Every structure is written in structure tokens, then in C-alpha cells.
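Residue numbers (our numbering): 36 to 449.
In case anyone wonders, no lab produced these hints; they're calculated from the structure.
Treat the hints with caution; some may be incorrect.
To be verified - Listed below are the simulated DSS-like cross-link pairs for lysine-lysine, each with C-alpha atoms no more than 30 Å apart in a straight line:
| # | residue 1 | residue 2 |
| --- | --- | --- |
| 1 | LYS249 | LYS404 |
| 2 | LYS39 | LYS77 |
| 3 | LYS146 | LYS398 |
| 4 | LYS39 | LYS52 |
| 5 | LYS404 | LYS380 |
| 6 | LYS77 | LYS398 |
| 7 | LYS39 | LYS412 |
| 8 | LYS412 | LYS112 |
| 9 | LYS404 | LYS77 |
| 10 | LYS380 | LYS146 |
Source: prediction; values computed, not measured.
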Amino acid sequence: MALKIDDLPSAIRQAKKELRAALPNYREVFAEVEKAIGQEAKRIAAQRDRGEDVIPEIRFADIAEGRVSADEIALVKSRGACVIRNVFPREQVRNWDDEIADYVERNHLDKRLENRAEDKYFGQLASSKPQIYGVYWSKPQVLARQSESLTAARVFLNQLWRNESEGRVHFDPESVPVYADRLRRRPPGSASLGLSAHCDGGSVERWIESNFRKVYRHVFSGNWREYDAFDAAFRPDVDEIASPAVCSMFRTFQGWTALTPQGPGDGTLQLVPIANSMVYILLRALQDDVADDDLCGAMPGRALSIKPEFHAPLFEALSSIPKMAAGDTVFWHSDVIHAVEDEHKGAGYSNVMYIASAPACAKNDAYLKRQLPSFLKGESPPDFPADHFETDFTGRATVDDLTPLGRTQLGLDL
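Turn these sequences into a full structure, and let the hints guide you.
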């Protein structure tokens, strides 16, 4: 069920009043958080500046053979992100990239993008026009989502979460429903086409909506060191404000698959690799220098902006992901701060398929039922701008392209 707020300034004032009353020492608690997370950000920045890797890297073969060590898992959970190498063979991915290029060109997508609805939803971010195409149902996207290898990688990621706590089972980590998302295709030389630092999956809701408050119960009670970003309690129960910029599925990790080689400087992804940075964000908005009807600039129905004037210590840790080969994937926790470099200074296209990791739960099953007609008709999925570019595209994926696993993941057999 979507959250509706009629008078947002009043709702924010009331929420902050309640949260401050429940945590009268909010200033002192935030001072602790600012020191601890600030120090972590500095450690990550120093490691990055020495040329060391700050985003953990795992080989898919190690996932497939159960060889990922406890230390590697601990680092992924601390950083809230990881690169998984060689999920797909490079030749297969090169063919997919060529097929996608042919798909968008022969269907004249460029002409349809001129008036796309999506632009207005990115407008509040300083860098506001990423080259993200509202294409969801090309055959390579559908084949990648239903692949055995990417499914195994996402099961591994789902299993990093506590799926049972507070006396409840929250989700099935071994079932991976499809969350159909878009493509990015960035030609070399493109500039000012990135995205400023932000978090997805809810903005003002995190302070206002009752189940979001339960997700962050340890933060808002002042026991922030007990907060576990990988405890799924109450996350499948939250209600978001409906918007074509907000995900209404529960994703354990956001992610994308590289269709081309790319790395720092190629207009690629940047992360603040601190899994519990949301603790800082939540408590920062309660401080006295933030107006009573403001949450550090958070806006309903938009991504949650992370701003230098409010969140400066976190920006120290903002780091580009490492060099990616075609067929590599990157995943980041659904609360992790991320951005996209403004300029693509590289020599070739920087292309990706956005494919997240999500587990089976009641919230996600409900989304599948709303999403399935979109696949059958070639329309944009429910969470996205209603451009519906692909309804008459030739070469679009159909039910005949689905494996038994693909049918299950799309909810055809629910």
C-alpha cells in the first residue's frame, strides 16, 4: 500500500517532535555517530588514496563452489557492497551488448526519448540527466535476469541478510523474483550526465512511516551500535510514497551487470562503502540546525539526496568502483549512498543492465502481480515512468523466451 501524506511540512514537524521526544539526548548520540562514521570514512579515503581496493571483490566461481570466506563476507557486510567477477562469459555479454544496440536502433528509441517522462524525476539532483534508457524487455535483459549464474549470485547476496528475527521469517533468500529495470548506455565524451549522491528506496518516509521507524528502531532509540543494516525485520512491511523514482520492491542489493569494460573516469558508479551510513543520515536530520519542517532537503517521491552542507563527512569516502570487465557485476546495499560520475572520459561505450537482488516475500509477490502485465504488453513496469516505449518494438522478449526459472521469477506461476 502506498503512503500518502497530505500536509508534508506538518508531518515532518510532528515526526521530528516525536523522534526527539523519544531520544532527548539526540545531540549527544549524533556526536558519537559523527565521530565514529567520520573516522570510518577517513580510513576508507586513506585506503583509496593509497591505491588500495575499497569495494570488496569476489569471484563468481568462489560463490558457485562455496569458497567465499567468513572474512570476505564480513567485509562485504561492513562496506555494504561488492563486485562479483566473471558472472557471465565476456563473449556472451559482448553479443548481448550488440543485440541491445540493434534493438534500440532499429526501433528508433532515440526519437522517443526526446519527451520521456523520466527526466522530471531526476531534476532535483544536481547532475540530473543520466543516459538511462526506459528499456526493460529486450531479450538480453530477460535472459540475464533468468540466468542460473546471476540467480546463484543473488541467492548468495540474499543469504547475507538475517531473514529471521523479531520472531518472524521475513523472506525466502533462495527465491529471486525479477525486478525489471533499465539500461545505461553512455557514449565516450559525454559530460554532465551523472547523478549526484543519493539513496534509493524511500526519502521522507524513513522518518515518518511507522514500519520504516521500526527498521531503524535501534537508531531512533539511541542504541545505534545495535543497528544491523542486514537485519530484514520490518523492511518488507514499509510503505513508500508512490512515484516513478521510488522502488516499491524490497531489494537486498541494488546492482548492475557490465556490458562493456569500464572503470574510474568512464562515467561509472561511485559508492560511499559504509553499510551503516544511514545511521548518520537519519540522526543528522534531527539536529537543531535543520529547520523543523525539513529533513536535510529530502523530498517526497524522489531519491534521498545526500548533500555536502549536511553530510560532508560521508563524502570523504565517496569512491569510484574498480575497473569492470564485461560480465562482471556490482551490488550495493539498498541503503548505501551512491552516485554516477558526471563525465565519461574513456574511449568506449559505458553500458550496463540494472539488475538488482531481491528475495521472495509478500511485498515482492504483490509487485510481481502488478509487473507481469507490463512484461506481457511490453509496457514500462509499475515503479517507472509510464513511457511504454517497447509496446510495439520488434524483437522484444516474450513468454517463449522464458525458462522454467524465468517463468517463476516473473510470477507467471504464482
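Going down the list of hints, with the structure as the test:
Taken as a hint, the LYS249 and LYS404 pair is honoured in the structure, with Cα atoms around 27 Å apart against an allowance of 30 Å. Of the supplied pair hints, the one linking LYS39 and LYS77 is violated, its CA atoms being roughly 39 Å apart against a limit of 30 Å. For a cut-off of 30 Å, the pair hint linking LYS146 to LYS398 is broken: about 36 Å separates their Cα positions. With a C-alpha separation of about 20 Å, the suggested pair LYS39 and LYS52 falls inside the 30 Å cut-off, and the hint holds.
In summary, the hint linking LYS404 to LYS380 is not supported, as the alpha carbons are separated by about 41 Å, beyond the 30 Å threshold. With a C-alpha separation of about 37 Å, the suggested pair LYS77 and LYS398 falls outside the 30 Å cut-off, and the hint is violated. At most 30 Å may separate the alpha-carbon atoms for a hinted pair to count; LYS39 and LYS412 meet this at roughly 29 Å. Note on LYS412 and LYS112: the hinted pairing is violated, with a Cα-Cα distance of about 39 Å set against a maximum of 30 Å.
Restraint check: the Cα-Cα separation between LYS404 and LYS77 comes to about 45 Å, which exceeds 30 Å; the hinted pair is violated. About 26 Å separates the Cα atoms of LYS380 and LYS146, which keeps this hinted pair within 30 Å; it holds.
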